[in-house]
Amino acid sequence: MARTHHPSSDTSRLAVETRRLTRVYKTRRELTTALQDVDLEVGEGELFGVLGPNGAGKTTLIKILVTLLLPTSGQAFVDGLDVVTDYKRLRSRIGMVSGGEQAGYGILKVREQLWMFSQFYGMDSTAARKRIDELLERLGLSDAANKQITGLSSGMRQKMNLVRGLMTDPRVLFLDEPTVALDVSAARDVRSEVRRWMREDPTRTVILTTHYMQEADELCDRVAIVNRGRIVAEGTPRALKQSVDDDVIVDLQLDPGTPVLDRLRAIEGVGAASVREEDGVDRFSLMLADDGVLPRVMTTVEGAGRHVSGLVRRQPTLEDAFVKLVGRSMTEEEA
Amino acid sequence: MGVAITRQWTGYAAAVRLGWAVSSNWTRPILFIVYSVLRPVSMALILAVMYTVITGNAAATRPYLAFLIVGTAFWSFIQEGVSEFATGILEDRGRYHILKYSYMAPLGFPIFLIGRATSKLASAAASVVIVLLVGTLALHLDISPLRVDYPLLVAACLLAFVSVIAFAITLSMVLLAGRDLHGYGEIMAQFLYLFSGAIFPISVLPGPIAWLASLSPLPYWLELCRRAIMHGQAYLMFPNLSDGEVFLRLVAATAGTLLLGYVLYRMADRRARRLGYIDMEANW
Ligand SMILES: Nc1ncnc2c1ncn2[C@@H]1O[C@H](COP(=O)(O)OP(=O)(O)OP(=O)(O)O)[C@@H](O)[C@H]1O
Ligand SMILES: [Mg+2]
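Protein sequences appear in the order of chains A and B. Going by my numbering, the first sequence opens with residue 183, and the numbers climb by one from there. Going by my numbering, the second sequence opens with residue 710, and the numbers climb by one from there.
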């Protein structure tokens with residue numbers, strides 16, 4: 183897919199900057215380090231993706247940047263303002279939308295609630311109404327504008343919340359998993375609207391979290407991969423994929439049988455291995471140092487009594503870069 | 710500056726509409742009658758009946774009956790107002806999942822909170838009038854709208870209004886900074902009830918508590934309401950103080966409430982952000 187948006191050439195202006203940003207949650211039983219020494223620089227005009235598995239610390243990062251949560255240590259600046267000390271001035275310049283939640287006063291109508299929020303942002307009332315209608319239309323929600331929010335499907339609600347984030351024209355917009363739980367076409371609508379919104383004004387910046395590899399790959403100018411509170415890699419999707427260019431990536435499909443993942447990982451020359459079950463077969467993704475490793479893989483598989491139903495060599499994806507960096511796939515639970 | 714104030718005003722007006730639509734009961738007459746009429750009226754009448762049974766309605770005790778009715782009438786304003794702030798904020802967080810967005814908005818959060826509670830405050834004010842009306846008719850209290858000292862009443866109510874709002878805003882933030890504090894808003898209102906001189910003079914409280922109660926603006930406010938409405942026919946808590954002296958104390962106590970409220974609000978706000986409670990969802 184063609185990337186429709188490019189980072190502004192003026193990299194001196196940073197939309198987001200963090201310095202050794204750390205956040206520790208304290209609960210009665212334990213301490214959880216959700217972010218550890220995160221250093222991040224996002225230029226004005228970038229569409230920046232934060233990619234990571236469940237519990238990586240994505241939401242925590244967003245919450246700190248939008249002034250809802252204080253960091254334990256380190257610093258963060260958004261549009262040049264310190265999120266801890268200058269949070270009041272910052273609030274008119276940012277917006278946030280969380281995907282996986284059903285925010286809204288059920289009793290209000292869609293347009294009514296959006297208008298109320300526009301007033302909390304000090305927008306001119308008439309201009310706000312116009313803007314709301316325009317955005318509702320673009321997201322295919324015109325028919326729902328006068329419906330009560332209770333009557334919306336969860337996907338429609340999510341789109342309505344995106345309108346809330348877009349309508350106030352924030353300098354930096356934070357989207358926490360904006361397409362989670364959306365069907366394919368709704369997710370496409372959301373992605374294209376975000377891109378279009380950025381094109382309207384090339385100094386607008388979007389920080390988006392996701393755990394969909396493909397979304398990050400297609401949509402983002404630059405991506406940071408986070409795992410367990412740390413940034414493990416950062417760069418354009420293309421550069422991240424190039425980091426696995428030297429490896430041979432094969433997809434291996436096996437009929438059900440005894441588990442072999444650990445045995446495969448133990449083979450010399452296997453850089454990383456992951457598996458997911460699909461339609462009753464196990465699909466392994468293997469990263470091999472070179473072609474010479476493949477025979478050893480086949481011997482191991484046959485030794486375990488597993489039947490190979492498919493084998494292809496393919497181009498690297500972001501997922502492969504992730505697996506190589508983190509040592510496991512995005513969906514795989516940590517040991 | 711002018712623009713900024715206009716924006717705050719339109720933001721406030723939108724929050725009023727929000728509160729009206731989401732939690733006001735004006736639009737549902739049955740609810741309005743139950744909460745704003747029946748509840749405060751029956752509260753006042755129960756007290757009156759208990760009181761009459763105990764004292765046998767002796768003529769000498771009539772001033773105390775007037776004390777009681779005026780106290781409970783104005784009290785219902787606090788009861789409704791304070792608990793509306795507290796319920797509103799916790800509902801927005803736990804039930805509608807939308808508090809974080811209002812909190813993040815450039816409109817000052819306290820202004821949002823006041824707007825959100827305004828229609829409830831208005832219905833609470835209506836119930837004050839209703840209780841006084843019913844009290845006058847049912848208990849033959851000698852209240853005449855023509856003889857009310859309106860300047861005193863309005864000035865006292867304005868100051869009390871400022872204190873109650875400040876208290877309610879701070880209480881909301883304190884509740885937000887706590888984990889699971891549903892229902893505490895109502896409890897706090899009940900707690901204040903005892904210390905406000907609404908149903909008995911604060912001098913009957915044990916020494917240190919009476920002293921604490923005397924720092925609150927509420928007893929002075931209620932005293933001034935009784936003086937303004939009953940012109941000497943209600944029992945007085947501070948018979949040795951002139952109207953002006955009571956008023957001065959109300960001013961001082963209001964200033965103290967504002968200052969303390971501000972400090973506590975800042976602390977609670979910081980705590981809520983430190984613990985990540987602004988968008989905590991586990992408590993509904
Ligand atoms: N309020 C909290 N109290 C204690 N621990 C928390 C709290 N919020 C998050 N955590 C922990 O911090 C870590 C990071 O959580 P966070 O929600 O930031 O991850 P995430 O990347 O957004 O995950 P997901 O993809 O599931 O949304 C997790 O281990 C989580 O359990
Ligand atoms: Mg998250």
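Source of the hints: derived by calculation from the structure; they are not laboratory data. C-beta atoms are modelled at their ideal positions from N, C-alpha and C, and glycine is treated no differently. One thing to keep in mind: the hints can contain errors.
Beta-carbon label-pair distances, calculated as ranges [said to hold, decoys possible]:
#	chain 1	residue 1	chain 2	residue 2	range
1	B	Arg804	A	Arg202	31 to 39 Å
2	B	Met976	A	Arg496	32 to 40 Å
3	A	Asp444	B	Ile896	53 to 61 Å
4	A	Lys270	B	Trp718	24 to 32 Å
5	A	Lys329	B	Trp718	24 to 32 Å
6	A	Gln330	B	Val743	19 to 27 Å
7	B	Arg804	A	Glu316	47 to 55 Å
8	B	Met976	A	Glu316	40 to 48 Å
9	A	Glu316	B	Ile739	57 to 65 Å
10	A	Thr267	B	Ala919	52 to 60 Å
11	B	Ile896	A	Arg381	52 to 60 Å
12	B	Pro860	A	Asp325	54 to 62 Å
13	B	Trp920	A	Thr267	46 to 54 Å
The following residues of chain A were derived to be distant from chain B, with all beta-carbon distances above 12 Å [what the hints assert, rightly or not]:
#	residue
14	Lys208
15	Thr249
16	Arg271
17	Leu272
18	Arg273
19	Gly277
20	Lys291
21	Asn328
22	Asn343
23	Arg346
24	Val366
25	Arg445
Short derived list, chain A residues pointing at chain B, Cβ under 10 Å [claimed, not checked]:
#	residue
26	Tyr207
27	Thr242
28	Phe259
Now for the hints, and whether the structure bears them out:
1. At about 37 Å, the CB distance of Arg804(B) to Arg202(A) agrees with the hint of 31 to 39 Å.
2. The supplied range of 32 to 40 Å is broken by Met976(B) and Arg496(A), whose beta-carbon atoms lie about 57 Å from each other.
3. Taken as a hint, the range 53 to 61 Å holds for the pair Asp444(A) and Ile896(B), whose Cβ atoms sit roughly 57 Å apart.
4. Restraint check, Lys270(A) to Trp718(B): a C-beta distance of roughly 18 Å breaks the suggested window 24 to 32 Å.
5. Roughly 29 Å separates the CB atoms of Lys329(A) and Trp718(B), a value that falls within the hinted 24 to 32 Å.
6. For Gln330(A) and Val743(B), the hinted distance range of 19 to 27 Å is satisfied, since their beta carbons lie about 24 Å from each other.
7. Look at Arg804(B) against Glu316(A): about 30 Å separates their beta carbons, and that is not inside 47 to 55 Å.
8. With their beta carbons about 43 Å apart, Met976(B) and Glu316(A) fall inside the hinted range of 40 to 48 Å.
9. One distance hint, 57 to 65 Å for the beta-carbon pair Glu316(A) and Ile739(B), is violated here, with the actual separation near 41 Å.
10. About 43 Å separates the C-beta atoms of Thr267(A) and Ala919(B), a value inconsistent with the hinted range of 52 to 60 Å.
11. Between Ile896(B) and Arg381(A), the C-beta spacing of about 53 Å keeps the proposed range 52 to 60 Å intact.
12. Distance hint for Pro860(B) and Asp325(A): a CB-CB separation of about 56 Å, consistent with the stated range 54 to 62 Å.
13. Evaluation of the 46 to 54 Å hint for Trp920(B) and Thr267(A) yields a failure: the beta carbon distance comes to about 39 Å.
14. Residue placement check: Lys208(A) does not keep its beta carbon more than 12 Å from all beta carbons of chain B (closest about 9 Å).
15. Not every beta carbon of chain B lies more than 12 Å from that of Thr249(A), the smallest distance being close to 7 Å; the non-interface claim is violated.
16. Listed as outside the interface, Arg271(A) is inconsistent with that label: its C-beta sits roughly 9 Å from the nearest C-beta of chain B, within the 12 Å cut-off.
17. Not every beta carbon of chain B lies more than 12 Å from that of Leu272(A), the smallest distance being close to 9 Å; the non-interface claim is violated.
18. Non-interface status of Arg273(A) relative to chain B is broken: a Cβ of that chain comes within 12 Å, the nearest being about 5 Å off.
19. Some Cβ of chain B comes within 12 Å of the Cβ of Gly277(A); the nearest lies about 8 Å off, and the non-interface call is violated.
20. A beta-carbon of chain B comes within 12 Å of the beta-carbon of Lys291(A); the shortest separation is about 9 Å.
21. At the 12 Å boundary, the C-beta of Asn328(A) stays outside the reach of chain B, the nearest C-beta of that chain being 14 Å off.
22. With a minimum CB-CB distance of about 9 Å to chain B, Asn343(A) fails to clear the 12 Å threshold, and the non-interface call is violated.
23. Against the 12 Å criterion, Arg346(A) falls within the reach of chain B, whose nearest CB is about 7 Å from its own CB.
24. The beta carbon of Val366(A) is kept farther than 12 Å from every beta carbon of chain B, the shortest such distance being approximately 25 Å.
25. At roughly 42 Å, the least C-beta separation between Arg445(A) and chain B is larger than 12 Å, which holds for a residue marked as non-interface.
26. With a least beta-carbon distance of about 7 Å to chain B, the hint placing Tyr207(A) at the interface is held under the 10 Å criterion.
27. For Thr242(A), the interface hint holds, since its Cβ comes within 10 Å of a Cβ in chain B; the closest pair sits about 8 Å apart.
28. The restraint placing Phe259(A) at the interface with chain B is violated, with a minimum CB-CB distance near 17 Å, outside the 10 Å limit.
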